[in-house]
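Student: Sequence:
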Amino acid sequence: MIEKVNITDSNVVELIRGKLPIATEVKNGLKPSRDMRQEKRVSMTSSILLFERKDTSSFSDGILFSVQSYGGGPVALYFLSIYRSEGVTAAPSYKLNLIGGVLGTENARPKFKLYNTDTGAFKVFLERRDYTPGVYAKLLSSYHPTTFEFILEAADESEVTAASYMEESKVGE
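Residue numbering for the sequence shown follows the working numbering, starting at 127 and increasing by one per position.
It should be emphasised that the hints constitute simulated quantities derived from the structure, not laboratory data.
Here the structure is a predicted model, which means the values were calculated and not measured.
Virtual Cβ for every residue (Gly too), placed ideally from N, Cα, C.
Treat each hint with caution, since some may be false.
To be verified - Here are the simulated distance ranges between beta carbons: (1) TYR196 to ILE133: 48 to 54 Å; (2) ARG143 to THR243: 16 to 22 Å; (3) LYS264 to LYS145: 36 to 42 Å; (4) GLU279 to SER186: 21 to 27 Å; (5) VAL297 to ALA234: 21 to 27 Å; (6) ASN233 to LYS296: 19 to 25 Å; (7) SER219 to ARG167: 24 to 30 Å.
What the hints assert, rightly or not - Listed below are the simulated DSS-like cross-link pairs for lysine-lysine, each with C-alpha atoms no more than 25 Å apart in a straight line: (8) LYS180 to LYS145; (9) LYS264 to LYS237; (10) LYS130 to LYS166; (11) LYS166 to LYS237.
Based on the provided sequences and hints, a complete structural model is requested.
Tutor: Dropping the structure here:
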């Protein structure tokens, strides 16, 4: 049986605390909280809202996506470079590169879509096709990394329908 001991001497408490191992990012591989906002994974039975911007501030983001159609579907890897200057209300400029992997049939694989309001606000979706989409997303570089956060939640299907398909290119094009 373990007996409880109440330690009330603050010097003894500090000595014990000083001997306890402390987990750190370097020693134990703990991730800083900012990395938790910049890396997420989800699968759902609807289209997925990946991220959005609600203002006209400048930004420049590089994002890696691993995309899969669940139900035994193949996996493909994409890199999205998306950016815009301060005060611009038009859709952001972007380049969506297919890095590699295996693409499913055209009607089965999820597609990236951009919903732009012409007020500066925009949203990026992963459209559900025949199968449940799964996505792992990681922000690799950003002009303002502290203001970026993945949403990865069910999308408003009316916005997904109104959104434009994002043109894909293969690496090197």
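Student: Failing hints, ascending?
Tutor: Numbers 2, 8, 10, in rising order.
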